Amino acid sequence: MERAELISRLKDDLHPSRPHSLKRRVVSWLASCLLFLLLAFLSTGTRADLNTILSSPRFAIETLALVIAGVTSGVLALFLSVPTARTRRSTVVVLGAAMVWIISIITTFILQMEAASIGEGVRLAGMACSTELLLFSAIPAGVLLLLMRFGANLSAHLSGLLILLSAGFLSMVALQFSCAQDHTAHLLLYHLFPVALLGTVGWVAGGRLFSFERRLEQKKEELFSDRNSRPEG
Amino acid sequence: MRNASNTMESQTTLPRRDEREELRLLAVRSKQGDKGAYEELLGRVYERIEQFVSNRIRLEELREDITQDIILSVHLSLPSYSGVDSFTAWLFTIARRRLIDFMRKKKRHTVEEITDGPWFELQPAEEEIAGLDCFLHELRKLPEGKQRVVEMIHLEGKSTEVASGELGITENNLRVTLHRAVQELKKKLRENQ
Numbered sequence: 001m002e003r004a005e006l007i008s009r010l011k012d013d014l015h016p017s018r019p020h021s022l023k024r025r026v027v028s029w030l031a032s033c034l035l036f037l038l039l040a041f042l043s044t045g046t047r048a049d050l051n052t053i054l055s056s057p058r059f060a061i062e063t064l065a066l067v068i069a070g071v072t073s074g075v076l077a078l079f080l081s082v083p084t085a086r087t088r089r090s091t092v093v094v095l096g097a098a099m100v101w102i103i104s105i106i107t108t109f110i111l112q113m114e115a116a117s118i119g120e121g122v123r124l125a126g127m128a129c130s131t132e133l134l135l136f137s138a139i140p141a142g143v144l145l146l147l148m149r150f151g152a153n154l155s156a157h158l159s160g161l162l163i164l165l166s167a168g169f170l171s172m173v174a175l176q177f178s179c180a181q182d183h184t185a186h187l188l189l190y191h192l193f194p195v196a197l198l199g200t201v202g203w204v205a206g207g208r209l210f211s212f213e214r215r216l217e218q219k220k221e222e223l224f225s226d227r228n229s230r231p232e233g
Numbered sequence: 001m002r003n004a005s006n007t008m009e010s011q012t013t014l015p016r017r018d019e020r021e022e023l024r025l026l027a028v029r030s031k032q033g034d035k036g037a038y039e040e041l042l043g044r045v046y047e048r049i050e051q052f053v054s055n056r057i058r059l060e061e062l063r064e065d066i067t068q069d070i071i072l073s074v075h076l077s078l079p080s081y082s083g084v085d086s087f088t089a090w091l092f093t094i095a096r097r098r099l100i101d102f103m104r105k106k107k108r109h110t111v112e113e114i115t116d117g118p119w120f121e122l123q124p125a126e127e128e129i130a131g132l133d134c135f136l137h138e139l140r141k142l143p144e145g146k147q148r149v150v151e152m153i154h155l156e157g158k159s160t161e162v163a164s165g166e167l168g169i170t171e172n173n174l175r176v177t178l179h180r181a182v183q184e185l186k187k188k189l190r191e192n193q
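If you're matching them up, the sequences are chains A and B in order. With the numbering used here applied, the first sequence covers 1 to 233. With the numbering used here applied, the second sequence covers 1 to 193.
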């Protein structure tokens, strides 16, 4: 296509767009996280030992790490949808928080020498936690997807990965208050593994969903077919 | 007729600030649906992107395709432009990322016909993106004059002769400013690592 023609086509294709500032989208995301957690607590019920566990530093550290990892992954995904936004600090926060959670549960495992009860931790009953986690993840993932639509998602795979990781981490926070099984094996197998699975799905789906190539092809087709159908003169 | 009047309007009422500010204002007006402003914006952006691509891609037949690909990407991404940040930084981030995507695709076949620009060494794509983000952030902290010189030479790919002509300074003066700006940037980027 000739330069002048392309510009003319694009000019004709211009539609007014409302400004969706990053700040506004981040605030919406934070508010959604709060609502989601409230909704999750109300719908899942609380674990029997909640009063005891609330005073445990381990519980506080793990929950805080998961909240930070979940919320910041979402913020990072939103940052990625703005070409000029800086992402390094948020990346460090996400990785740091996830590491804190992993170190905390591994340390607990080593200190308490729970090896004898590993069998209990990996019992199939734990599948209920995974199912709950996957179902809950749909809500924050949907909200983030909606907010991402207002951005320029140039890192398609990474955006998909972060959306589902964020949703998974936030659902893990909800499980912290409803699941009384604290065994490391259970946490790794039925809480963390589904999140890792979600991340993988997000990576693959993000590549398709946010694919710039696909959008470009669609746009080109639209511009060309429009040109072909336009009467001469 | 309406388009023509829009063009006239955007040409006459635009405040004569520096070029970057003009581009930002044109982008803001384009986002509001001003087709004349958008036509002018695309015309000016096209030239810059064309120059940017030709400094990095040797094969002439590929240049036009990549340039148009980037222009379409800009068109698709325009609704996401905040209108507050530097439009030039936004534009060249998109251009570089799209070029990296192209290089990734092309690498599967051959890398021989692709050369990299003067500022970045050929690195793995993700590192380059991270480096670019950091570079653009530090660039925005430089004084106006130095910022403009680095942008013209390293982002827009203009020759020192053309850039000095546009800025109305001697070529020697431009080289000194560029050297100082690059030294400052290198120092800041090293501190960040």
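Worth flagging that the hints you see were computed from the coordinates, not collected in a lab. One should not assume that every hint holds.
[Stated by the list, open to error] The calculated lysine to aspartate or glutamate pairs, modelled on EDC-like cross-linking and capped at a C-alpha distance of 20 Å, are:
no., chain 1, residue 1, chain 2, residue 2
1, B, K105, B, E61
2, B, K35, A, E2
3, A, K220, B, E138
4, A, K219, B, D65
5, B, K35, A, D13
6, B, K186, B, E138
7, A, K220, A, D49
8, A, K219, B, E138
Since the structure is predicted, the reported quantities are computational estimates derived from the model, not experimental observations.
Status of each hint after checking the structure:
1. B/K105 / B/E61: 16 Å, holds
2. B/K35 / A/E2: Holds, at about 19 Å.
3. A/K220 / B/E138: 36 Å, violated
4. A/K219 / B/D65: 15 Å, holds
5. B/K35 / A/D13: Satisfied, since the Cα-Cα distance of roughly 9 Å is no more than 20 Å.
6. B/K186 / B/E138: 9 Å, holds
7. A/K220 / A/D49: Roughly 59 Å separates the two Cα atoms, so the pair is violated.
8. A/K219 / B/E138: Judged against 20 Å, a Cα distance of about 34 Å means the pair is violated.
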